[in-house]
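Chains as they are written, first to last, in my numbering: chain E, 139 to 275; chain R, 139 to 275; chain C, 139 to 275.
FYI, nobody ran anything at the bench for these hints, they're computed from the structure.
Among the hints, a few may not be true.
Pairs involving identical chains hold if they fit within one copy or between any two copies, as the list cannot separate such chains.
In the DSBU-like style, the derived pairs of lysine-lysine whose C-alpha atoms are separated by at most 35 Å in a straight line are [said to hold, decoys possible]: (1) K143 x K193; (2) K193 x K217; (3) K143 x K195; (4) K220 x K232; (5) K217 x K183.
As a plain string of letters, each chain reads:
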Amino acid sequence: MEYEKGRTFLFRVPEDEELVSYVNKFCDKNGIKMATLSAIGSLKKAKLGYFDISKGKYEEIAVEDVHELLLATGNVSIKEGKPFSHIHAILGYKDGSVKGGHLLKATVFVAELYIEELKGDVLERVPHGNLHLWKEE
Amino acid sequence: MEYEKGRTFLFRVPEDEELVSYVNKFCDKNGIKMATLSAIGSLKKAKLGYFDISKGKYEEIAVEDVHELLLATGNVSIKEGKPFSHIHAILGYKDGSVKGGHLLKATVFVAELYIEELKGDVLERVPHGNLHLWKEE
Amino acid sequence: MEYEKGRTFLFRVPEDEELVSYVNKFCDKNGIKMATLSAIGSLKKAKLGYFDISKGKYEEIAVEDVHELLLATGNVSIKEGKPFSHIHAILGYKDGSVKGGHLLKATVFVAELYIEELKGDVLERVPHGNLHLWKEE
Numbered sequence: 139m140e141y142e143k144g145r146t147f148l149f150r151v152p153e154d155e156e157l158v159s160y161v162n163k164f165c166d167k168n169g170i171k172m173a174t175l176s177a178i179g180s181l182k183k184a185k186l187g188y189f190d191i192s193k194g195k196y197e198e199i200a201v202e203d204v205h206e207l208l209l210a211t212g213n214v215s216i217k218e219g220k221p222f223s224h225i226h227a228i229l230g231y232k233d234g235s236v237k238g239g240h241l242l243k244a245t246v247f248v249a250e251l252y253i254e255e256l257k258g259d260v261l262e263r264v265p266h267g268n269l270h271l272w273k274e275e
Numbered sequence: 139m140e141y142e143k144g145r146t147f148l149f150r151v152p153e154d155e156e157l158v159s160y161v162n163k164f165c166d167k168n169g170i171k172m173a174t175l176s177a178i179g180s181l182k183k184a185k186l187g188y189f190d191i192s193k194g195k196y197e198e199i200a201v202e203d204v205h206e207l208l209l210a211t212g213n214v215s216i217k218e219g220k221p222f223s224h225i226h227a228i229l230g231y232k233d234g235s236v237k238g239g240h241l242l243k244a245t246v247f248v249a250e251l252y253i254e255e256l257k258g259d260v261l262e263r264v265p266h267g268n269l270h271l272w273k274e275e
Numbered sequence: 139m140e141y142e143k144g145r146t147f148l149f150r151v152p153e154d155e156e157l158v159s160y161v162n163k164f165c166d167k168n169g170i171k172m173a174t175l176s177a178i179g180s181l182k183k184a185k186l187g188y189f190d191i192s193k194g195k196y197e198e199i200a201v202e203d204v205h206e207l208l209l210a211t212g213n214v215s216i217k218e219g220k221p222f223s224h225i226h227a228i229l230g231y232k233d234g235s236v237k238g239g240h241l242l243k244a245t246v247f248v249a250e251l252y253i254e255e256l257k258g259d260v261l262e263r264v265p266h267g268n269l270h271l272w273k274e275e
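I would like the entire structure built from these sequences, with the hints used as guidance.
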């Protein structure tokens, strides 16, 4: 639960990449097991999820095509032996209205991505109902 | 106003904890006087506030029961001798709609909490009308 | 793309300052070329933008006068030889509703601003259509 700071990255994700899998691959390639992350930019399209506690599963939220990525934020830890990003996204529309949810998929127009590696005991996501969670502190 | 980085924590807050008081107690227990923090997850219920400048006080905002914690973000400093967290929350609903405000209370379903301690001159919240603010820079 | 951490700042921006230009001036004065930043507080007024991909330009979004600054978040890099902040803002209203966009201008009521300097190869914003972007990774 207590960590040392590792490496710090700030860069622009290439256009048309899928953001969630890009983060996972970036971490895998760079040996990052734990991290926090944030990104701002603009997306071409996105798929958000909402975890329905009563049903115990994620429901998909329809998102119109083009929008500001007001913020994507979350963390990276280990799930089934691989770096796994848990990202929430807040999206902005032309009239200033906002949608948000668990980020399932996003096609990048522009994404300025900030990743801070954490070094220490690795948190692993293990099944917890239909979620994969870290053990409680 | 300029700080050294202290300890870094990332962990899952136990289910059913009240998030704001949990953060305050965590900081008190660990000797954290200044920090920044963020959390993502899902809440069972929450109470948000809106500071009405014209009335000089917080108004409560009704929030339906279950929602994604798209982001809680803020800082910890000292108020009346104790660590005090100032947290804003952005909440997401089943249809992707979003509510937000000053976080007064939140019952955790899942909260992945990131706390970065800051070391240096402690900022203290002192009365300023009906708010408690740091001195301006 | 990989950075060392520099200085860390947390402070209250003086009331009535314009936030975007304040950040730019703060960075310029302190020799900060790259940074990440976040702020929470309350704004007297703000002007948001939405980048319309089809038109290739920012459209302005009308924002009512007083609102919570749920979060301002972004980064600082170099544009035309000067520190330049790219900030997204998420604003909250009395009923809990939320608006968001690219932050063009904001008059501060209260803003608790956190700036983390990054040291390393400077990212420069260069023209890319009507945007100024870093080179893709």
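Here is what the structure says about each hint:
Taking CA atoms no more than 35 Å apart as the test, K143 paired with K193 passes in neither setting, with 38 Å inside one copy and 42 Å between copies. In this assembly of identical chains, the alpha carbons of K193 and K217 lie at most 35 Å apart only when taken from the same copy (23 Å versus 41 Å across copies). For the homomeric pair K143 and K195, the shortest alpha-carbon distance inside one copy (33 Å) is at most 35 Å, but the shortest distance between copies (38 Å) is not. In the homo-oligomer, the alpha carbons of K220 and K232 lie at most 35 Å apart only across protomers (29 Å), although the nearest pairing inside one protomer, at 37 Å, exceeds that limit.
In this assembly of identical chains, the alpha carbons of K217 and K183 lie at most 35 Å apart whether taken from the same copy (26 Å) or from different copies (28 Å).
Comparing the model with each earlier hint shows a violation of hint 1 alone; every other hint is respected.
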